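Here is what each chain is made of, one letter per residue.
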Amino acid sequence: GQQLNQSPQSMFIQEGEDVSMNCTSSSIFNTWLWYKQDPGEGPVLLIALYKAGELTSNGRLTAQFGITRKDSFLNISASIPSDVGIYFCAGPPTGNQFYFGTGTSLTVIP
Amino acid sequence: DAGVTQSPTHLIKTRGQQVTLRCSPKSGHDTVSWYQQALGQGPQFIFQYYEEEERQRGNFPDRFSGHQFPNYSSELNVNALLLGDSALYLCASSPGTATYEQYFGPGTRLTVT
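In order, the protein sequence lines correspond to chains A and B. So in this note's numbering, the last one in the first sequence is 241, and the numbering has no gaps at all. So in this note's numbering, the last one in the second sequence is 130, and the numbering has no gaps at all.
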């Protein structure tokens with residue numbers, strides 16, 4: 132099946148630092164979404180992207196839809212302790228079936 | 018406004034048994050999708066229900082079946098449980114099949130012994 136690879140797999144950063152992570156696929160996506168999952172909880176939608184090259188912000192979060200339509204990027208500025216969690220990219224390459232990425236685990240050190 | 022709710026929160030079953038998980042979508046949403054999330058992995062799509070019919074299905078065996086009721090709530094049934102079925106089962110809802118912005122419930126943690 133479809134594989135979405137996220138990198139890095141994990142990150143340990145100091146509070147206040149900026150964070151960058153990305154997601155790549157072997158197929159073209161028409162929509163990219165970014166989710167955050169806290170332990171024991173379901174994923175929470177952060178940002179949705181619908182057009183190649185699109186740059187969208189949600190507070191300190193900014194995501195971009197890659198121009199090749201095979202990748203997407205998420206940046207977090209001025210990280211705070213509550214940013215800790217696992218970040219997933221997701222999207223439907225065809226039809227309505229969703230694929231999730233492998234996840235990036237973020238740890239913020241106060 | 019209640020979000021997506023799931024029951025039960027935790028469940029322990031024995032190999033070979035059957036289990037039913039339940040989901041109530043967010044108010045105003047009529048589409049429900051189910052996912053399986055193994056420990057340390059991303060969620061994997063099981064199937065999606067809209068207008069009480071299965072619209073899309075992921076790569077899961079027929080032991081996994083579902084149902085959607087007229088009030089849009091949904092059930093996930095798993096028969097002949099295997100140890101490998103132990104996972105967090107997530108339900109997500111959305112307002113129609115045309116949007117990919119899904120909202121997730123907290124999940125049901127299933128342990129098969």
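These are computed hints drawn from the structure, not numbers from a lab. Since this is a predicted model, take the numbers as computed values, not measurements. Even glycine gets a Cβ: it sits at the ideal position worked out from N, Cα and C. Among the clues, some could well be false.
Said to hold, decoys possible - Beyond 10 Å from chain B on every Cβ pair, some chain A residues (computed): (1) GLY173; (2) LEU176; (3) GLU185; (4) ILE198; (5) VAL239.
What the hints assert, rightly or not - Listed below are several chain B residues computed to face chain A (Cβ distance under 8 Å; list not exhaustive): (6) GLY75; (7) PRO78; (8) GLU118.
We went through each hint and held it up to the structure:
1. GLY173: At about 3 Å from chain B, GLY173 (chain A) fails to clear the 10 Å cut-off, so the statement is violated.
2. LEU176: violated (6 Å)
3. GLU185: With a cut-off of 10 Å, GLU185 (chain A) remains clear of chain B, as the shortest Cβ separation is near 14 Å.
4. ILE198: Per Cβ check, ILE198 (chain A) is outside 10 Å of chain B; nearest 20 Å; holds.
5. VAL239: Non-interface label on VAL239 (chain A) holds, nearest chain B Cβ at 20 Å vs cutoff 10 Å.
6. GLY75: Because about 6 Å separates GLY75 (chain B) from the closest Cβ in chain A, which is inside the 8 Å limit, the hint holds.
7. PRO78: Given a least distance of 14 Å, the restraint on PRO78 (chain B) is violated.
8. GLU118: holds (5 Å)
In terms of the numbered hints stated before, the structure departs from hints 1, 2, 7, listed from lowest to highest.
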